[in-house]
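Number of protein chains: 2
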Amino acid sequence: MAHQQSPNHSTHTLAQGVLRREPRAASRLLSWIENGDAKAIPELKEIYPHSGSSYIVGVTGAPGSGKSTLTDRLISLYRSQGQRVGVLAIDPSSPFSGGAVLGDRIRMQRHATDEGVFIRSMANRNWPGGLNRCTAEALKVLEAYGSDIVIVETVGVGQSEVEVEKLAYTTILVCTPDAGDKIQAMKAGIIEIADIVALNKADLPTADHAAKSIEMILSMNSSPGWTIPFLKTVAIEGKGVEELAQAIERHRSYIEEHGILKAKKIDSLKSHIREIIRRELYEKVRMQLPDEDELSRCAAKLMEGTTDPYTIADAFLKERRMTL
Amino acid sequence: MAHQQSPNHSTHTLAQGVLRREPRAASRLLSWIENGDAKAIPELKEIYPHSGSSYIVGVTGAPGSGKSTLTDRLISLYRSQGQRVGVLAIDPSSPFSGGAVLGDRIRMQRHATDEGVFIRSMANRNWPGGLNRCTAEALKVLEAYGSDIVIVETVGVGQSEVEVEKLAYTTILVCTPDAGDKIQAMKAGIIEIADIVALNKADLPTADHAAKSIEMILSMNSSPGWTIPFLKTVAIEGKGVEELAQAIERHRSYIEEHGILKAKKIDSLKSHIREIIRRELYEKVRMQLPDEDELSRCAAKLMEGTTDPYTIADAFLKERRMTL
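Taken in order, these protein sequences are the chains called A and B.
Residue -1 is where the first sequence starts when you use this note's numbering, and the numbers rise one by one after that.
Residue -1 is where the second sequence starts when you use this note's numbering, and the numbers rise one by one after that.
Think of the hints as simulated: they come from the structure by calculation, not from any bench.
Don't take every hint at face value.
Since the list gives no way to pick out one identical chain from another, each pair is judged satisfied if it fits inside one copy or across any two copies.
Stated by the list, open to error - With a straight-line Cα cutoff of 35 Å, these simulated DSBU-like cross-link-like pairs (lysine-lysine) come out: (1) Lys263 x Lys37; (2) Lys237 x Lys316; (3) Lys316 x Lys282; (4) Lys260 x Lys299; (5) Lys43 x Lys210; (6) Lys282 x Lys237.
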C-alpha cells in the first residue's frame, strides 16, 4: 500500500487525497487537526467547499451505556443500505478510541476493512484548538471524505466538554436501566440535548422502572414541535436498531421540513468562525504571557510578603501596555 | 445569628470577616470567587498577606473510592489534635459537594456544627476564572480563615481538570481493590502525582491482588528522594487513618527539610500570577469577539459556498487590526 501511494505524495495535497477518499490522507489530516498543527488550515480551506452534505448524528451517553455497540450496529445497518459512514469517537471509554474491553474492540474490527467506513477516535482532551473546534474541523474532513452519515460518539450530559448537540443534526441520548437515580438527575439534559432517547440494555430486569422514569421526564416536556421518541434497544443483540434508524430518519425529515437543519448549519458555522477568531487571539495572548524568569522574579517578591499576585499582574499588564 | 451579625456588615469588608473566622463571610467570598465576580479581587488582595501558613493536603481518586469518607476521618483526627481544618471538595461525586448517597452525607453532617471545621464544595465546572485559578483563590480564603490543614478533594488521575497535585503539598491517591485493571492504567499517574498511596476498602476479598499491583508499580519508581508509602485503609471503620496522618506528617517533614515545600509554594505563586494575567487578557479577547449580527452575516456568506471560515476569520481580524 505504502509503495503504491508514495509516488503521488509530493504532487497532491492531503485535501485532494481526502476528496479522493484515501484513508491515509484523511488520517493524516485528522492528526494535524488533533495536534493543532497550522498545516491543517490550508487543507481545511481546500476541503471546505466539498463538505456540508453529510448528515451528522450524535450518539451520547454515560460510559458503559453501550453507545459504541449501538454505533457499531448503526454502521452495519447504514452499510447494508449502501451508505458511506464516518465515525468520530471522542469518548475515552469508547472501543473506537481504544478504551474498551477486548470483546467490544473485536466487534468493532469487522468494519476496519470496509472502505465505506472511516472510524477515527480522538481521545485527547488537551487539544490546543479547543475540543469544539477540533471536533468541527474533524467533521469537515469526514464529510469531505464522502460520508453520507457521520456519527459522533461522546460521553454525554454534563460529562463532556464537547457540545455535540450543537454539531450534530440528530442527537441520540443512550440511557441504561442501571443508571437508576441518575436518570432523574439527567432530567434537564435529556430534554435539552436529546432528539431521540434510547434505553439500551432494555432486557435488564430494572428496565421497566427506568423506562417509566424516562417516560415521565419526557412527558413533562411541553415545548412545541418535535416529540422526542423513546425507544428500547438491546444493542448487543441488534434489537431496536432498525427502529432507531427510522427515528433518526423521521427526525431528519422533520428538521429539514421545518428549516431547523438549515438553522443548525448556520449556528455551526457561526460558532466555527467564532472559535477560529478566539483561537487566533488566544494564541497571541499565550505569546504575551510572562516567561519563567519573569514569573520567578514575581514569585520572589510575593514570598517577601509585601505584595499580592493581583498587584503584580496589574503591573505586568500596564508595563507591557497590553491592550487589544 | 443573622441578627447579631448584621450591624457589622456595612462597616467591615468580607476579608476582615474571613480573618475574624466568620463562616458567613468566608462562604460569601467563596461564592464571589466561584461566580467570577470581580468584587472578590480587592478582598483577595486584603487576605493575601494572611494566607500561606496552612498545610494543603490533596485527596484524589476515582468516584466511589471512599476519599470523602477518608477525608471525614482525617477531619476528626485533626480536630482531636486541636487543629483547624478547611475542606474544599471539587469532586462532583463527593458527599461534601452533595453528590453522594444519603448515608455519606449524614456522616459528614457531624462536622457542620464544629466551628473548627469549614467545608466548602465547588462542583461548578464552568468557572469563569478557570478551575485552577478558582481553586487557588478558594484555598487562600480557607487559609486566611485560620485553617491549620486544608484538604482538597478531587476526582483524580486524568479525570479532573484541577491539577490538585500542583496546589497541594502532600497528595494522597486513594485506590480501591475493585478498580482492578484500572490500577495498571493509572500507572503513570500514581507515580507522578501521589506522595502517598492509600488502598481503601482494604477489607474486600480482592484487596490482596490490588495491593500486589500497586506495590509492583511503586517498586518500578526508581526516582531518588521520597519513597511513596503505601497504606491499606478501611475508611468507613476508621482503620489505617492514623497511619495515613502519620505518613502525611512524614512527607511534610521531608519536603520541609529538602526545600521542596518552598519550591512548591513558589510554583503555586507563579502559576497563580500567570493565571491572573491570562484571565485578564482572555477577558479582553472575549470582548473583541464578533457579535451575533456579525457572525450571522459571516455565516450567510459561507452558506453561499464562495468562501471558508478561515478566510472570513482572517478578514475580521485584519479589519479590526486586532493585535496585542
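Evaluated hints:
no., hint, verdict
1, Lys263 x Lys37, "within (26 Å within a copy, 39 Å between copies)"
2, Lys237 x Lys316, "neither (64 Å within a copy, 55 Å between copies)"
3, Lys316 x Lys282, "both (17 Å within a copy, 14 Å between copies)"
4, Lys260 x Lys299, "between (56 Å within a copy, 14 Å between copies)"
5, Lys43 x Lys210, "neither (48 Å within a copy, 53 Å between copies)"
6, Lys282 x Lys237, "neither (52 Å within a copy, 52 Å between copies)"
In summary, the structure is inconsistent with hints 2, 5 and 6 from the numbered list given earlier, while agreeing with the others.
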